[in-house]
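**Q** Okay, here's what each chain looks like letter by letter:
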Amino acid sequence: MRGRMNAGLLVGGVLVGIVVLAALVSFFWTPHDPTLVDAARKLREPGGGYLLGADKFGRDTFSQLMVGARTTLYVGIVAVGIAAVIGTPLGMAAGMTPRGWLSELIMRVNDLVFAFPALLLAVMLGAVYGAGTLTAMIAIGVATVPAFARVARAATLQVMVTDYVLAARAAGRRRPAIAFRHVLPNIGSVLIVQASVSFAIAILAEAALSFLGFGTRPPTPSWGRMLQESQELLFSTPRLALWPGLAIALAVLGFNLLGDGLRDFLDPKLRRIRAEG
Amino acid sequence: MRRIGIWMAVGGLLLSTAACGGGTAGTAGGGAPAAQTLSVGFVAEPANLDFTSTEGVAIPQALLVNVYEGLVKLDQNGQIVPLLAEKWDVSDDRTSYTFTLRKNVTFSSGAPFTADDVVFSLDRVKTDWKLKIKSQLDVIDTVEKKDDSTVVVTLKRPSNGFLYSMATRLGAMFSRTGVSDLANKPIGTGPYVLGSWRRGDSIQLQPNPAYWGTKPSLSSVTLKYFKDATAMNNALLTGGIDAISSVQAPESLQQFADPNRFQTVEGTTNGEVVLSMNNGRPPFDDKKVRQAVRHAIDHKALLDTAWAGRGQLIGSMVPPTDPWYEDRTGDYPYDPAKAKELLGGKTYDVKMRIPNLPYAVNSAQVVKSQLAQVGINAEIEPLEFPARWLDVVFTQGDYDMSIINHVEPRDMGIFADKSYYFRYDNPEFGELLAAADEGTEQEQTESLKQAAKLLSDDAAADFLFLFPNLVVAKKGVTGLPKNAIAEQFDFTALAKQ
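Each protein sequence line maps, in turn, to chains P and D.
Under the UniProt record's numbering, the residue at position 16 of the first sequence is numbered 16, and the numbers go up by one with no gaps.
Under the UniProt record's numbering, the residue at position 394 of the second sequence is numbered 394, and the numbers go up by one with no gaps.
Simulated from the structure, these hints should not be mistaken for lab results.
Some clues are possibly wrong.
Stated by the list, open to error - What the simulated footprint calls covered on chain P by chain D, stretch by stretch (three residues with Cβ under 8 Å from a Cβ of chain D suffice, anywhere in the stretch; the number is not a length): (1) 56-66; (2) 125-132; (3) 211-225.
Nothing here was measured: the structure is a model prediction, and the numbers come from that model.
Glycine included, each C-beta is placed from N, C-alpha and C at the ideal position.
Starting from the given sequences, assemble the full structure and let the hints guide the process.
**A** In structure tokens:
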């Protein structure tokens, strides 16, 4: 049985699709070398093979945006991956032993990490281990762990009181088996929605870090750094800030809409209401 | 000769981002014809007002020449000119300096300025100062009062650096009765006195009614501190301040292009933006590889893209305001084919560890792109500045390439120290420098010219450009300092029409 496609899902899917496509194509082809400095092309106006013009280093903006999409997705995937891989088992463990000391320990430590801003963590890691895409990804990932753990725990609590889990427990199934057989598949949809939303947050965080000089290292293109480099030209050449800003906004919007859409799409209750209505 | 001051110096450039702005209403000082006020903004605020114990240029920038005066000062062209000394005579063996002091000079506390204060101030450098640079005056043997307005300074050996040091904060004159609270109450002989200090915001200077020289025409000058260059730009645009003393984002100058509202003054600094190469380890222990780098870089294109074409190409470690400056930009013309030939077809992977400062990050991207054309792949790694960069690159020397603005005046000597992070080791260079300090002025100039040429020939480093001093002010502000080659931001000639 399939849920009906809603507008949010469609628009979100298209926006995310464009970003993914741009990133994939950039592996094989960009209109120009995105890191080649050429004084003769400095601040070149759009046109003539340079779709969106060139920046103060004479680098093609369009090519930079394409490779920047790659950076963005890369950071998003790794950061969300870290958060999901660490946060989900922790949340499930806490949800399956709701009154145990383990649950308390996990959730309190979780609260502690949750209270710590992702950007601050990233700036700290950057200062200690050197700024770079890797430290940024790890910091954003670790800071997103609590969100996953909470969502996983809440969903697990619901699943644990269902008849089939009670039946499995009565039949003497071990906890790991229950976790993999019954809990994980049933909280999967919630986690996918969470991943999508976290992805949007990770994109913003990466852009912010690169803007501050703690993210992707130059000259690897990054939307955040493109914004930062265009800052001093904001009054004279606003397009340099416009394009990466737009790219960030649309990518974040895309992932948020996708998350919202997926939630509606995957939620069994909503699905039932629609089917009845 | 090891100098650890680069970072302070770099900080200093940031600091010198001054902006004169809509002045705080100051009480009209004596002699001010009209109640004109002006405020000058900077990027970093001094932690206290005592430059005898606190490093960094923020304090002398605000106070030297304005509040404190020395016997001599460095003018806009790099010349040493009289200030509290009317004149000085040098003995034939150049180890004895006789300073004749200006009469009728008083400190802002009312105490008269006499030879005793000179002896007190110079002795105090040895006994009480806590700065590394105080070793520059170790060359002084004795300071003696001959009469109330004559002081004789005897040196251990002839030194061309002595008088220059006297023009810096080291030569500032303090009152024997006025050093009890230097951190909060500066007492000097200068044209201004400290009015008020709103910590975290601004320092206000007021005219010294008892000043011996030409009294300031302004009723107050406010040094306003901004954390962010963009915020300062905006303050000037909206009229919050009257000027920016050193623009940190040169592309943003276009905002101030309207000649009916603003004026831009462009001058030089002592800041050589150096592309340093680690002479102590492969691949840059090979002179040919270093020379290849110098040929591979199109300096003109680099300056145009990385710093909006502001600044000057130098080719060696000497700014044009030093007497031994020679244009060395022709030594290694842009020639990628020659560079490839020098590399012999080999390719290299190197680490470029740079401070995370705008000029460095901008320049690094251009350098990387240009080096890639000849087969050198430089991986850029921005390090947090100052702490981490100083630790990794400067102290440990763990780098292949770096980019930093060496802003200390007359700092070519750092190349003579082979433990300095360049790891440059050529005894001939050290000999030239030693000869320069002890020789006559003419010998000094000749030796240092040769030394600069040697640095360039050896490709001890590449010299990207000379950092510009960019001052933007509202139309009608006059007396703005053009060059930033001394520690101070000189307010003495500042006026508003």
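**Q** Does each hint hold? Answer for all of them.
**A** Going through the hints against the structure:
With 3 residues carrying a beta carbon less than 8 Å from a beta carbon of chain D, the stretch 56-66 of chain P meets the three-residue requirement, and the given coverage holds. Counting residues of the stretch 125-132 of chain P whose beta-carbon sits less than 8 Å from any beta-carbon of chain D gives 5, enough to reach three: the coverage restraint holds. Coverage of the stretch 211-225 of chain P by chain D holds [criterion: at least 3 residues with CB-CB distance below 8 Å; count 4].
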